[in-house]
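Enquirer: Protein chains in written order, with our numbering: chain A, 1 to 338; chain B, 1 to 330.
In case anyone wonders, no lab produced these hints; they're calculated from the structure.
Quantities reported herein were computed from a predicted structural model and do not represent experimental measurements.
Here a beta-carbon is modelled for each residue, glycine too, at the ideal position from N, C-alpha and C.
Incorrect hints may have been included.
To be verified - Derived, one-sided and incomplete: chain A residues facing chain B with beta-carbon distance under 10 Å:
no. : residue
1   : P69
2   : M87
3   : P89
4   : R255
As the list claims (entries may be wrong) - With a straight-line cut-off of 27 Å between C-alpha atoms, the simulated DSS-like cross-links for lysine-lysine are:
no. : chain 1 : residue 1 : chain 2 : residue 2
5   : A       : K122      : B       : K43
6   : B       : K141      : A       : K171
7   : B       : K141      : A       : K122
8   : B       : K14       : A       : K122
9   : B       : K98       : A       : K171
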Amino acid sequence: MSSPSVTIVEPATRRLTLSQAVNEAIGEELRRDPSVFLIGEDVAEAGTPFKVLSGLVEEFGAERILDSPISEAGITGIGLGAAMTGMRPIVDIMFGDFMTLVMDQLVNQAAKIHYMSGGRLKAPLTIRTTLGATRRSAAQHSQSLHALVAHIPGLKVVLPSTPYDAKGLFKSAIRDDNPVVVFEDKMMFAVEGPVPEEEYVVPLGVADVKREGEDITLVATSSMVYVALDAAEQLAEDGVSAEVVDPRTLVPLDRETIVASARKTGHAVVVDEGHRGYGAGAELAALIAEDAFYDLDAPVRRLCARDVPIPFSPVLEDLTVPTADTLAAEARDLVGKA
Amino acid sequence: MTAVHETERGGRAKADRWLAAYRRMVTIRAFEERVNELYRSAKMPGLAHLYIGEEAVAVGICEALRKTDYITSTHRGHGHCLAKGASVERMFAELLGKEPGYCRGKGGSMHIADHENGNLGANAIVGGSTGIATGAAMSAKLRGTDQVAVCFFGEGALGQGVLYEVMNMAALWKLPVVYACENNLYNEYTHYSETTAGDVLVRAEAFGISAEEVEGQDVRAVFDAATRAVERARSGEGPTFLALNTYRFHGHHVGDVDRRYYRSREEEAEWRERRDPLALLSSWLTEQGVAERTLEEIRGEAQEEVEAGVGFALAAPYPDPSEVDEHVFA
């Protein structure tokens, strides 16, 4: 494929923003399953600060779109208890940074209840939250903490990059019988893309090749998919054919698709907006190093958020996250076209 | 439970309810004493937190509940499990890490869950189950049932913030939940007066939650208070907070045998000799005309049940090694 636009399998002409796609996914699941409800801060009339949930309370009422106090741990615990007793709650954690406030409920409770009970209890709980920097929101509203969650056995982690994926993955998350955390990049709510009118789901654990290529694999998560697609365009001008693989979910992880791409191209760069140290990028790079080693022409590399708290000043903040330019430069260096 | 149902159906003597309660309390005591022996003879891995001395709290509250009502429990949870209807055999099997245990040996003493009896699990984080219990209550309300959730926790959990987050929401939304704070005086090895500023009941009353202090060694007083709280919850009047004054006769866990640095022998003797919930109930039953022989028979039955349970668990198989990777995801 020569176009940087997203590869979509299903034919679709209608275009939605990522925000609209998430809203539609939640609305459809609320309509089809009376056990689904949503709880969070400013989710009802306010529709969240990003207005992603606007209109839902008007259709489903205040019992199913429930404005809560500013009590992240409390609403996650309540969501878990409801999930264990027949409901399918969606807990809205306004910013990914606030995931730190729910860690006991998520890590010690939700992640373990199925295992600790020998499979007798389950927690079909969905948490929606954000990641992503460059909104000039400084250190406590800009982090990408998905690796913290992905580290814990028993939790699933969804990182949608396109409106199509966001809708389909969100519906799968709600229907899943496990705790699932969906991280939406707060910089992508206005991104538009094709979303079919008819119902569909995207299964968890299936990666998507967003652009096919022959010379180098760029494994990119969430908004880094767009960074990778832009970088691929730059590389094409230099005669380097880049393949962009979007894992779409970190847990479960589609190891086969990622490894197959790296073995095919012989070069791989992983790009992820979490911190570099002990992060998702490290895990993905290790996977490629372990399973594609003998087919690689060079060591796998990773490009991640700089290991600093996210600074406020725009000139500093912009240095902390990967860009198409830095990724393209890394890729050129790796294939010897620097 | 059979005797309780017979009482309700047949209108038999009021003492029957308390004979059934006595049976449960005696079973918990015998169970815990056997746990202590198993630990001391190195037949039980890990450790356990004994409920001895607190039996009237779990039994008094669970006697006021239906099988379909929910409870969440604590690290000191064996009494809650048994009072809610768990089998001695499967409890012991779980404590020994055996396959027929309630959690196939994967939970152990601190994580026993028994969903068939509405027990959503014991918890090793002292305030960790407050959200689960409150969520179960919200679920009951959303599903339109009249189920009630009881959240058992020790006074140590008064130090964890999530309790206050969920009590606020339970009060706001009138959720059918009862917060049962078992005050056994010690946060592990520290007297609660050193860790707890102000008043306990006022913590709940600040949210507009009805709060009551209860003599936790008197199973009849506990039952009465629990019955009022459960009725409030079932009729849509919202949560209740019960502060149940009690005492753990043993240490924080089975290995905590040298306790002199945090509490005196005299204090322990005072509770054991004058405020033992089993002795208090048996004295009352005797006053009601129940023959001592009857009480002896009950104790004998409980002991037999416990011995049979231990025998079952010791003979039971361990889980297959392949189970280590099972149940990570549903």
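Enquirer: For each hint, tell me whether it holds in the structure or not.
Expert: Verification of the supplied hints:
no.	hint	in the structure
1	P69	6 Å, holds
2	M87	5 Å, holds
3	P89	8 Å, holds
4	R255	16 Å, violated
5	A/K122 / B/K43	31 Å, violated
6	B/K141 / A/K171	25 Å, holds
7	B/K141 / A/K122	20 Å, holds
8	B/K14 / A/K122	40 Å, violated
9	B/K98 / A/K171	38 Å, violated
In summary, the structure is inconsistent with hints 4, 5, 8 and 9 from the numbered list given earlier, while agreeing with the others.
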